[in-house]
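Asker: Line by line, the protein sequences are chains A and B.
No gaps in the numbering here: position 64 of the first sequence is 63 in numbering that gives the first Met the number 0, and each next residue is one more.
No gaps in the numbering here: position 244 of the second sequence is 243 in numbering that gives the first Met the number 0, and each next residue is one more.
Hints in this document: simulated from the structure, not taken from any laboratory.
Honestly, I wouldn't trust all of these hints.
Stated by the list, open to error - For each label pair, taking beta carbons as the anchor points, the in silico distance ranges come out as:
1. A:MET44 to B:SER222: 53 to 61 angstroms
2. A:ASP40 to B:ASP169: 17 to 25 angstroms
3. B:ASN326 to A:TYR22: 19 to 27 angstroms
4. B:ASP97 to A:GLY31: 20 to 28 angstroms
5. B:GLU98 to A:GLU3: 57 to 65 angstroms
6. B:GLU188 to A:LEU20: 33 to 41 angstroms
7. B:LYS330 to A:LYS17: 23 to 31 angstroms
8. A:GLY31 to B:ASP321: 16 to 24 angstroms
9. B:THR184 to A:CYS38: 22 to 30 angstroms
10. A:ASN54 to B:PRO137: 28 to 36 angstroms
11. A:MET44 to B:ASP169: 44 to 52 angstroms
12. B:ASP321 to A:LEU20: 48 to 56 angstroms
Said to hold, decoys possible - Each computed PhoX-like pair below joins lysine-lysine, with the alpha-carbon atoms no more than 20 angstroms apart:
13. A:LYS56 to B:LYS158
14. B:LYS328 to B:LYS195
15. A:LYS5 to B:LYS107
16. A:LYS8 to B:LYS91
17. A:LYS34 to A:LYS63
18. B:LYS158 to B:LYS78
19. B:LYS194 to A:LYS17
20. A:LYS5 to B:LYS328
21. B:LYS78 to A:LYS5
22. B:LYS194 to B:LYS163
23. A:LYS17 to A:LYS34
24. A:LYS8 to B:LYS93
25. A:LYS8 to B:LYS195
26. A:LYS72 to B:LYS107
The beta carbon of each residue, even a glycine, is placed where N, CA and C say it ideally should be.
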Amino acid sequence: MTTEDKEIKAVHITDLEKLLLKYEQLDDFNKGQIKCQVCSDIVSMNNVGSIQLLNNKLRFTCNKISCYNQIVKQSASLNSP
Amino acid sequence: MLQEIFMQVSLLDIKELINYWWSFPIGGLIIVLLYFFTHPEKISTWNSLFSGLFEKISKSSARRSVSSDIQGKISSYIKNNQSNEILPYGLKFKWVKDENFSSYVEEKDVIVIMDYHNNNARNFVNAIGLYLSQAFIPTVRHEIPHEILTAAELIMQEKIIQEKRPDALDVFRHEILQDKITNNTRIEEFRERFKKLDVLGLFDNMFLTELAYVGLRLEDLNSGQRNREIEDFLTFIEEIPDESKPLDFSKNVFHVWVILVAKQFKKDFQGTSPYVNRAKEASSKKYESLYVTGRDQNMDFVDDVILDIKTHNLGELQWVRDFKTRNKKQKKKIAKMALFRLH
Chain A
0 MTTEDKEIKA VHITDLEKLL LKYEQLDDFN KGQIKCQVCS DIVSMNNVGS
50 IQLLNNKLRF TCNKISCYNQ IVKQSASLNS P
Chain B
0 MLQEIFMQVS LLDIKELINY WWSFPIGGLI IVLLYFFTHP EKISTWNSLF
50 SGLFEKISKS SARRSVSSDI QGKISSYIKN NQSNEILPYG LKFKWVKDEN
100 FSSYVEEKDV IVIMDYHNNN ARNFVNAIGL YLSQAFIPTV RHEIPHEILT
150 AAELIMQEKI IQEKRPDALD VFRHEILQDK ITNNTRIEEF RERFKKLDVL
200 GLFDNMFLTE LAYVGLRLED LNSGQRNREI EDFLTFIEEI PDESKPLDFS
250 KNVFHVWVIL VAKQFKKDFQ GTSPYVNRAK EASSKKYESL YVTGRDQNMD
300 FVDDVILDIK THNLGELQWV RDFKTRNKKQ KKKIAKMALF RLH
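Take these sequences, add in the hints, and give me the full structure.
Answerer: This is how it looks when you write it as structure tokens:
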């Protein structure tokens with residue numbers, strides 16, 4: 000390992016349910032009411048790709064690489080100097 | 000008396016046997032510890048394998064098997080390819096759970112969802128994408144035009160996946176590449192050019208190395224000038240194997256001189272002096288980077304040239320590397336290259 004590491008924040012799929020419960024979104028998630036921020040596909044345990052915390056709510060992308068990359072790119076440009 | 004002697008001999012034998020068998024586990028343990036001491040990146044890999052055995056019954060094992068696998072592969076790639084200038088950071092997973100979410104996560108952080116270890120190919124692709132968006136030539140990436148940076152990142156991503164997780168190449172090619180290059184022919188054009196450079200061994204050894212070294216100077220140029228500077232430098236590197244083309248490049252940002260150790264007659268009749276003289280010329284003309292390279296039967300002579308240039312104290316030797324390349328007939332060859340930063 001190099002002396003400094005870049006950190007990737009990750010949630011294991013088995014921990015997602017508790018997180019959804021914490022933010023009171025488990026019901027909506029199970030009912031298929033949560034949609035991907037980029038492509039608007041319905042997000043479920045089978046296709047969830049990433050999450051963000053926006054205005055104290057969890058926002059999701061599906062696991063399509065294109066949607067995930069879009070969010071990563073937006074986040075990177077927001078964090079650039 | 001005979002009985003006593005017999006007993007003594009037997010006891011000695013038994014003691015020796017115990018010492019003999021006991022030395023195996025101790026010896027084995029020392030060998031294992033030495034192995035991990037000299038290959039620290041392997042610790043993650045073995046940790047991952049071990050954790051994977053318990054992932055279905057232990058959440059922490061599930062997390063560890065995913066993160067150790069990916070972290071280990073990145074460390075190993077950086078070490079094997081001596082990529083510290085281009086990838087100066089390793090990768091570390093920060094597992095976020097409900098109880099620590101608000102303390103670890105800021106608004107707009109992207110948190111990737113990781114599946115079980117048996118789906119680690121997709122996990123790997125996702126993690127590498129996020130990692131490269133932060134760790135790939137981090138100090139200069141914001142100065143590089145978008146299409147060039149994207150194309151370079153795609154090549155780097157594919158290289159890492161190919162070497163460390165080839166079963167993830169399908170996911171990468173069908174989803175990531177398709178997404179990035181559709182409707183953007185400039186990215187695809189640059190990607191093709193970078194691919195050809197990579198086959199020659201010059202993509203990371205020269206192009207990315209120089210970009211990481213002097214890329215911050217691009218901030219003094221406007222958008223059009225940046226594109227021209229980088230494209231001209233790229234064209235220069237593409238033409239290096241053609242010995243009839245100039246072997247030096249000096250514009251606003253990049254100041255590079257290349258010595259091709261290639262001529263057999265020079266080695267036989269003049270030794271290293273012609274190459275040292277070229278190095279002196281590069282230094283006197285204020286070039287910043289000197290690359291000395293040769294291949295095939297010249298490899299030992301390249302070492303002599305490098306040593307002689309070093310002895311003349313013309314610059315700081317940064318590294319010497321062996322790498323794969325191809326000749327004009329596209330045959331695979333092994334080459335050697337050294338980089339000097341000139342005084």
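Asker: Quick one, are LYS72 of chain A and LYS107 of chain B close enough, alpha carbons at most 20 angstroms?
Answerer: Answer holds: LYS72 of chain A to LYS107 of chain B is near 12 angstroms, not above 20 angstroms.
Asker: For the pair we were handed, LYS158 of chain B and LYS78 of chain B, check the Cα-Cα distance against 20 angstroms.
Answerer: The hint holds at about 14 angstroms.
Asker: Looking only at beta-carbon atoms, does the pair LYS330 of chain B, LYS17 of chain A fall within the given range of 23 to 31 angstroms?
Answerer: Taking Cβ atoms as reference, LYS330 of chain B and LYS17 of chain A lie about 58 angstroms apart, which means the hint is violated.
Asker: Within 19 to 27 angstroms: is that where the Cβ-Cβ distance between ASN326 of chain B and TYR22 of chain A falls?
Answerer: violated, 60 angstroms
Asker: For the pair GLY31 of chain A and ASP321 of chain B, does the Cβ-Cβ distance stay inside 16 to 24 angstroms?
Answerer: This hint is violated: roughly 56 angstroms between Cβ atoms.
Asker: Starting from LYS56 of chain A, check that the Cα of LYS158 of chain B is at most 20 angstroms away, please.
Answerer: violated, 37 angstroms
Asker: Against the range 33 to 41 angstroms, how does the distance between the Cβ atoms of GLU188 of chain B and LEU20 of chain A compare: consistent or not?
Answerer: violated, 49 angstroms
Asker: Would you mind confirming whether the straight-line C-alpha gap from LYS5 of chain A to LYS328 of chain B stays at or under 20 angstroms?
Answerer: Violated: LYS5 of chain A and LYS328 of chain B sit about 41 angstroms apart, past 20 angstroms.
Asker: Mind checking the alpha carbons of LYS194 of chain B and LYS163 of chain B for me, to see if they're no more than 20 angstroms apart?
Answerer: holds, 18 angstroms
Asker: Is LYS8 of chain A within 20 angstroms of LYS93 of chain B, Cα to Cα?
Answerer: holds, 5 angstroms
Asker: THR184 of chain B and CYS38 of chain A, beta-carbon distance inside 22 to 30 angstroms?
Answerer: This hint holds: roughly 23 angstroms between Cβ atoms.
Asker: Could you grab the alpha-carbon distance between LYS8 of chain A and LYS195 of chain B and see if it respects the 20 angstroms cut-off?
Answerer: Given that 20 angstroms is the threshold and the Cα spacing comes to 35 angstroms, the pair is violated.
Going through the hint list in order, the structure does not satisfy hints 1, 3, 5, 6, 7, 8, 11, 13, 19, 20 and 25.
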